[in-house]
Amino acid sequence: MVAFLGGCPMRKMGLALAFATAVPLSGCVQTRQFADLQFTPPQGDYKLLVLRPDVSVGSLTTGGMVDPRADWTDQARANIIAALRAQQAARGGKVQILEHRNQVPGVTEQEAADFERLFSAVGNSIVLHKYLGDYLPTKRGKGLEYTLGEDAVRLGQKSGYDYALFLHAEDSVASTGRVALGVLGLAGCFVGFCAPNVGGSSQLDYAGLVDLKTGEVVWFNVVQAGSQVPGISFGDLRTPQGSAQMVERLLGRMKPGLAVRRAAAESH
Amino acid sequence: MCVCCPEVSRRSLLIGGAAAAAALTTGVAQARVLPRDMVPLVGPGYRPTEKDEQGIWQLMDRAEEEISGSNLLITDPKLTGYLRDIIGRVGGPAAKDFRIYLAHIPDFNAMMFPTGFAVVFSGLLLRMRNEAQLAGVIAHESGHFLRRHMIRSWRDQKRKTDIFAIAAMAAGVGGAAGGVYLGDYVQLAQLGTILSLFQYSRAMEAEADAMGAKNMADAGYAPIEMANIWEQLIGEDAALSSNWKCWSAPRSSSPPTCWWDFSCKRRRRGSLFDTHPSEGSRMVDLRADAAEVTVPGRQYETGRERYLARIGAIRPMLLDDQVKLNDPGASQYLIETLAQDGWNGLLRFYEGEVWRLRNRHGDDLRAAQSYAAAVAYPDAPADAWRWHAISLMKAGRTGEARIAFTRYLTMKPDASDAAWVRQMIG
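Chains as they are written, first to last, in the working numbering: chain A, 1 to 268; chain B, 1 to 426.
The following block holds chain A by itself, in its conformation from the complex (with noise of 0.2 angstroms):
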């Protein structure tokens, strides 16, 4: 854990995070995204298929645990699918995101979950080894070297999709109670024992993309958000514009590799 007030302790910082920085005891985003070498952002007639997006939203409570909520999750899931896809529409692809495993075309269900649970493997290798700190010596420098392999390319092959976008969001909303006592952390602050940073509303969203041709992740990314001061929000999932913040910070700004930043700078 780490106790400062309003900074991060990220090498990378994004934007959000330089207007983090800037104003004292706010909220604080963090973002870091990695891509293969070669990879080019996708563009114009590509067909993407969005897995079901695994989102959950709960209430922080005053201890600090996290209370699931049926409700606000639901309705943080439509905002999401909703934000997704009119930021999707911008950028000319053709896109279907999926509400249940059963809806990929020429795909079973149970295709669909192996899928999505290689997925998952995967991410979270990619996620302990690019953002974690176990970094790899044999993949330094190499962008993100991660595959689904074949069953991925057959997926592609079955469904006639360019792409695979995976995406996960979590967000716990501060309670009141939980308001209450990072107040009473800094009405400590006038008789000396300050505490105000007690940790509020957080949110982790990561995306990974696939291409289908070659089974590879070509692109993943990870946004973290967070109030070390309980009771300041950063975009919250539950309404529209929360969502959509949270999908234009987690695609919106989509790298392409290193190789190709590269070749593209030296063309110029």
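Some hints could be false.
[Unchecked claim] Quick list of the computed label-pair ranges, beta carbon to beta carbon:
#1 Gln-103/A <-> Val-284/B: 54 to 60 angstroms
#2 Asn-344/B <-> Arg-154/A: 45 to 51 angstroms
#3 Ala-82/A <-> Asp-76/B: 41 to 47 angstroms
If you are wondering where the hints come from, they were derived from the structure by calculation, not from laboratory data.
Yeah, the Cβ is synthetic: ideal placement off N, Cα and C, and Gly gets one too.
Add chain B to chain A, keeping to what the hints say.
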């Protein structure tokens, strides 16, 4: 007047502290929970009505979707139907609502999820000596659901953490309260985190025991079998091979304790029997429960024949899984426990496998004796003949070895090593 002020505040602080401490302590040294006091708290077709429980149910429905489609499940309808029949007998008012899944995991475990689906590990089926024992475990798990333990435990934890956070803050040790700031990508393993939160207090385990004993007896199963399971478990734990105990823990004069980390066999954590203090007293309570729920004159069954008939087909697989855990002490204990109901070729063969795989000085001879004993039974598996033949070969008794090899090939004509065996026969 003001002289009393510090006095009052100190006292109120003490009272507050005591209240907080009391709230944080789970029951110690409770009296036995009586089966007759155990009334199911849910009726048929129960659905949650409160927000927090609805949230948990939604998450658990997701978990069930994953579990029910897992490739770890044994889906043989003969076995799953058997488990469903049993939970239908001992599940009380929710009997028709329960779902039960059998996972191919060689460990002693069964768990009930908050929405009323249970997962039974295959290792449990190996250890149960009769249907009443299996019904006892299932009745215990059903008891957790019927007494709404998941949501009660969840609310209890919320209350405790709330009190702790406020108390910590008010007491001016606020640093401790900040331990939940995100910075923690481990949240990706969210599902696991959720499951780990459903750990019941000992009071709840006692309730589940009492509720289970009652439902078991009502269904006509011999309630004493629940205490017998516990006795077997204690014995198995004691028999765990020393290399599974905490060999990396600091050496001291105190007896080895099991830290729950990778240096130990992580047994039964968050599971059915996860209350390792006072194992003995739990067994005593279970015996008292059994006496209480037994109606004089009524017939109670153990269902041993039916049990063996239903799980007979997978018993070789269960034994094989256990032996390959490479825990010779526990495997041997288990085999001997099962053999209390009579030795047979299968058990003798796996006894030999335990020695052969342990491979210490003299173990080859022990194994050879077990194989020789195994093939004397009509139910000896083909592999018993194979290893019996190899042992004979090593002992220089080639003539007898050839006969045993031939017997192996007769039983398993398309064995993968048939060519080699034919060559050995010569």
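Subject >> 54 to 60 angstroms as the expected CB spacing between Val-284/B and Gln-103/A, which holds or is violated >> reply: Between Gln-103/A and Val-284/B, where Cβ atoms are some 56 angstroms apart, the hint holds.
Subject >> Whether the CB-CB distance between Asn-344/B and Arg-154/A falls inside 45 to 51 angstroms >> reply: For Arg-154/A against Asn-344/B, whose Cβ atoms are near 46 angstroms apart, the range 45 to 51 angstroms holds.
Original post:
Honestly, do Ala-82/A and Asp-76/B meet the 41 to 47 angstroms range at C-beta?
Top reply: Check passed, 44 angstroms falls within 41 to 47 angstroms.
Checked against the numbered hints given earlier, the structure satisfies every one of them.
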